[in-house]
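Student: My request is simple: use the sequences and hints to build the entire structure.
Number of protein chains: 4
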Amino acid sequence: MAGNSFGEILRLSTFGESHGPAMGGVLDGVPAGIWMDLEEVQRALDRRRPGQNALTTERKEQDEVRFLSGFHPEADAKGKRQTLGSSIGFIIENTDQRSKDYQAIHDQYRPSHADYTYEAKYGLRDHRGGGRSSARETVCRVVAGALAAQLLPADLRIMPFVERMAGIGIPAEARFDPKNASLHITGCPHPETAQQMQAALESLKTEGDSAGGVIACRVDGVPAGWGEPVFDKLSARLAYALMGINAAKGIEFGSGFSGADSRGSIQNDPFIATGQTSSNHSGGIQGGISNGMPILFRLAFKPIASIKQSQQTVNRQGDSVAIQIEGRHDPAVLPRAVPIVEAMVALVLADFSLAQRIQQISK
Amino acid sequence: MAGNSFGEILRLSTFGESHGPAMGGVLDGVPAGIWMDLEEVQRALDRRRPGQNALTTERKEQDEVRFLSGFHPEADAKGKRQTLGSSIGFIIENTDQRSKDYQAIHDQYRPSHADYTYEAKYGLRDHRGGGRSSARETVCRVVAGALAAQLLPADLRIMPFVERMAGIGIPAEARFDPKNASLHITGCPHPETAQQMQAALESLKTEGDSAGGVIACRVDGVPAGWGEPVFDKLSARLAYALMGINAAKGIEFGSGFSGADSRGSIQNDPFIATGQTSSNHSGGIQGGISNGMPILFRLAFKPIASIKQSQQTVNRQGDSVAIQIEGRHDPAVLPRAVPIVEAMVALVLADFSLAQRIQQISK
Amino acid sequence: MAGNSFGEILRLSTFGESHGPAMGGVLDGVPAGIWMDLEEVQRALDRRRPGQNALTTERKEQDEVRFLSGFHPEADAKGKRQTLGSSIGFIIENTDQRSKDYQAIHDQYRPSHADYTYEAKYGLRDHRGGGRSSARETVCRVVAGALAAQLLPADLRIMPFVERMAGIGIPAEARFDPKNASLHITGCPHPETAQQMQAALESLKTEGDSAGGVIACRVDGVPAGWGEPVFDKLSARLAYALMGINAAKGIEFGSGFSGADSRGSIQNDPFIATGQTSSNHSGGIQGGISNGMPILFRLAFKPIASIKQSQQTVNRQGDSVAIQIEGRHDPAVLPRAVPIVEAMVALVLADFSLAQRIQQISK
Amino acid sequence: MAGNSFGEILRLSTFGESHGPAMGGVLDGVPAGIWMDLEEVQRALDRRRPGQNALTTERKEQDEVRFLSGFHPEADAKGKRQTLGSSIGFIIENTDQRSKDYQAIHDQYRPSHADYTYEAKYGLRDHRGGGRSSARETVCRVVAGALAAQLLPADLRIMPFVERMAGIGIPAEARFDPKNASLHITGCPHPETAQQMQAALESLKTEGDSAGGVIACRVDGVPAGWGEPVFDKLSARLAYALMGINAAKGIEFGSGFSGADSRGSIQNDPFIATGQTSSNHSGGIQGGISNGMPILFRLAFKPIASIKQSQQTVNRQGDSVAIQIEGRHDPAVLPRAVPIVEAMVALVLADFSLAQRIQQISK
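Residue numbers (this note's numbering), protein chains in the order written: chain A, 1 to 363; chain B, 1 to 363; chain C, 1 to 363; chain D, 1 to 363.
Be a bit skeptical, because a hint or two may be false.
A pair holds if it fits inside one copy or across any two, identical chains being indistinguishable in the list.
Calculated cross-link-like contacts (lysine to any residue; reagent style SDA-like; alpha-carbon spacing at most 20 Å) [claimed, not checked]:
# : residue 1 : residue 2
1 : Lys179    : Leu296
2 : Lys80     : Ala174
3 : Lys308    : Ser262
4 : Lys179    : Ile272
5 : Lys78     : Ala174
6 : Lys80     : Leu124
7 : Lys80     : Leu38
8 : Lys205    : Ser262
Treat the hints as calculated values from the structure; they're not laboratory data. All values derive from a computational prediction rather than experimental measurement.
Tutor: Dropping the structure here:
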């Protein structure tokens, strides 16, 4: 229960501190014989990488994944490699650690960061860049998620996008294609909204402030029957996976909080055919199990805690002090969180897809 | 990964279909030597029991828990029993199963129920009252949660209450004590709001309709340091536990969705002393670990799917049919969900409290 | 890690103290749609039941299993029931607990029993009949094993038998059919040896002494490919399962200890066809994975610790005392351990058979 | 259940194929704040390393472990590093892979190797040096075990040694100190026997043949109370851990197989003081839990399957062929298995030591 593993049949165990030598992990439970595109994994990493544009941290990491096991040595014509059924080990070296940025906060607790809580938990902490609490940890989730995605049906598509950021949201009546999330640096697929978000972020950055927002996600192509009663409902496992992403503070499926104010005769989704309902207030999940309709959820992120304004806090001695955070930080976590959301959804779905292969068998 | 177990060190495994002979479970990992009040467990069950008042289902269950193992045979003067360190087995017999109510829906899928999804998953289903998908399953959660609560510090208090129901919410400026949730049959601790909710529910019941709502919860007395990086954040495990409750569709911690629209300079919680912050937008959790402030969350429930109006659906043959649900159903799940929320929080916290005993040791 | 659960995909969690109200368990992970013969489970229990004949304890338990969940309510013509995919809960009531037999040892530690170790572990113990440490616990293994066996291929046959007991073994040159183990009350399928064993046991019983022995087992019909690298080798998981049976003190596969004295050129099993070797020194397991040949192992049991002779021990105060054990005890555990061995092998194999369904898939 | 993880609270997940880029693992669950000697880990690795002397494979690996996470950056005066409570990631690069040695057996199954079984399991295999089935995998066990050992009480001492090899055993009446196992290249602490073993091995090597044997182990200083009922008995978990080592074919605790032929009045261990018995036929484990006496077990290894004689086998097409194994192989696995046995025992004991911290608590 030390918290560094995720999944049941498909199980990821990760390691790495922000400013240590490397991040990495082991993905176990991948069936044998599957041809995988490892370049695709690198591309997923690239989408998460810092230093890509004006909105992201200036930290320059190559974030190059090195696979250490799990694949047959012989590649096919397209460079794909076949899984051996053994555990897949991988590392991503940390190449650009400016630890000295963090010397100043060695003895101070950054507000709404994990500095104090880690120290309360462990009695000590690696103060350099948050150590294990840093979002840099998510680099391993992206690697594993990009592998997991290759276990899923070809027509299953996970489409997260930035729906709200810095108080600006895609208008209810706007039309857009969620697959376009990566076309704009904000991760918002609606061009006008994306531009407004960008302007708002730049303004916040100038002020040394930060923004939160909401990533919405639609998953097409999930067959009916995924998810497990009673504790491992599809919604419960997705909530578990997604609320474990740094800065996530809320999640809702389908109509979620607004649907809670409605009534059954309106919220119920009438079947119009087997596996098809005329509305989708349930967000594709009924009784904790997928019903064949698109999975829909929204994930709220708090404004990033690292701001460049002076803040009030205490130090390890309990004295009140003013703190000034240096280092390299994004004004919002959301654009780079899009591929992380995609990865966690892929891990959950791939795990359930494997589980489902043994839930209903004829002996 | 079959979904009927919850927890890591403290682990609950449950069984039982709504209309089978009995519900039950095994709670493993309870330390030895703890004096437990088993009457308290029965009282928690009584708070969840149906047939208590006009708002709840007419199903009359005694819901008497029978403990089969795990306790030393000798009770103390107050009737308390000491844990042996062995697994605690328990059952609750199902005494009032009117299965014939369900004959009509043998071949039809109730909208927004688990009928179709279970059948898609398993190829067959126990149609009587939802079988394993019935909320009757939560009776085992309440038993285990009431045991888990007795592992927690004496000053730790879990206080869930109905904050919104049938579109009616406690006014923002209202003053009330969450500990009073059980004083009114709605589970709402603010008397005026409670009365309005009751009236609204009675009106919906007359119409054969149903309501959703929000259970808010405050937990006092959680020490700093509970929760695990990186996948098992306190918020992630609570979300997992709570989103696994029937009809739960959303959860948020602290400022949650509304905080996502704010900015870091406002949302950050400045420390004013060690383990104390002047605001609590984080809801008592920073970096996934408790910071010593009250834990705050809100849990959204959809309107109950069983309504007494005619609805459109399909049958197993895929034909469109009108369905009329009989049986005994509450107009809202929330009043009876309050003790279930309490139980799941207790299970998560007790699990982390045990984990924390081995996270920081001097050899 | 509290020790009361076994298995990964197919997972059994048990509870119950020897002299508490009931024993029971939850078997989770059984696929849906399998027709099961529940009478067969009762028959397996009957084979393990005490009070059957002169060699077994005089305790008279009906040992009637009651299934509480997991099966569709409608039986087929033969009385078989179909699994729902939900967890299977079951209990066996303890009907004949003569707790007063144990009052004398309330404060004394029976030599080579678990009295002292449980107290060292937990700080207290249920002294009545060993509590959780009693072999009565195995009744739940037999129930779960008899269910697990029904998940295995029809031609897979698990054949444990008593090979040695009270110092008497089946002669090396003897011919016998292991399937005949249940024909004699000793569990030995070789009639002449069985008779000698029985005489030896009766003699020991008269002396108030006890015997140990060896249960050998042959499993036919295990397909090649079961077992997992690297920690979960088939041999490792079987050893884990079988060494967890009360009084088991050693296990060997194939040539085992004697093969350790041999050399590679003799011990290696040459392939004579795909999945067929001319010798079977490996006992059907190579690299931790089944190779299609019969699985062979031998399991050593120590003499039962409960003897009716006066023994030297200490009490809870640390004083030397003579102890005289009363209660009802078999002179050897082996005859009744045969169905327990069968059950544990079935649980391990069924777990691997499910795992193997997802180890090699074409996407 | 993919088999590459071991342990419950202290959990090791490993990866790596024999001829892939690197071996490695993640050790999770190590408490925070423990000062660890990482040089000690390297020394344990050195004891296992090939290419050390005439008896071991000529493969020259540096086997240098590189720690990637889990330790505070600041070392103390002796170079010790403090655990952070986060997962410990590590890798060992494979530097001397002569894959071409294995081209010849690309399509042939080496007798009593895992070639056929892996292919039956996964549908494909990495033929280079056994891939995941190679004993090279155990390098990760040694790293993790050497870390785990530093969680154990200072006076706990794990002392495995080669007791029998190539048919030569330490005489029953011989006196020797098991701590001297590493003084001779055979791993046998009795000098005369060690010399005979060495001569026998050299002779076998000349013949292109191989030897098996027995590693005995004594563990001093295990406190009473470690191990868990009912499935996770100390003996069961040790058997699981040790039978998962390559080539292990049998294990016995205390009197084991020979004790099975004895009687209760002889085998029972009378208590002479609290936690002290006059004999130790139980091998320090009663009812599956340590009783404070030395833990004693013996582990049988089959002769190494790689011999340099021509052998009969089949190829992938099912044709009978003669096979001649090239590559670099030890004549016996035992000398290098001694540190692996030590490591696995350390992992099991450290896991139980952590578990025991939460089994008996006063609230």
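Student: So, for every hint listed, does it hold in this structure?
Tutor: The hints, checked one at a time:
1. For the homomeric pair Lys179 and Leu296, the shortest alpha-carbon distance inside one copy (14 Å) is at most 20 Å, but the shortest distance between copies (35 Å) is not.
2. Taking identical chains as interchangeable, the C-alpha atoms of Lys80 and Ala174 are never at most 20 Å apart, the minima being 40 Å within one chain and 57 Å between chains.
3. When the C-alpha separation of Lys308 and Ser262 is checked against a cutoff of 20 Å, the pair qualifies only between copies, where the shortest distance is 16 Å, while the shortest distance within a copy is 42 Å.
4. In the homo-oligomer, the alpha carbons of Lys179 and Ile272 never lie at most 20 Å apart, since the shortest distance is 27 Å inside one protomer and 45 Å across protomers.
5. When the C-alpha separation of Lys78 and Ala174 is checked against a cutoff of 20 Å, the pair qualifies neither within a copy, at 40 Å, nor between copies, at 61 Å.
6. In this homomeric assembly, Lys80 and Leu124 come within 20 Å of each other (Cα to Cα) only across copies, at 15 Å, whereas the closest approach inside a single copy is 44 Å.
7. With identical chains, the CA atoms of Lys80 and Leu38 are at most 20 Å apart within one copy only, with a shortest distance of 7 Å there and 38 Å across copies.
8. Taking the closest pair of Cα atoms, Lys205 and Ser262 come within 20 Å of each other only across two copies (14 Å); inside a single copy the shortest separation is 39 Å, beyond that limit.
Hint violations for this structure: numbers 2, 4 and 5, all remaining hints satisfied.
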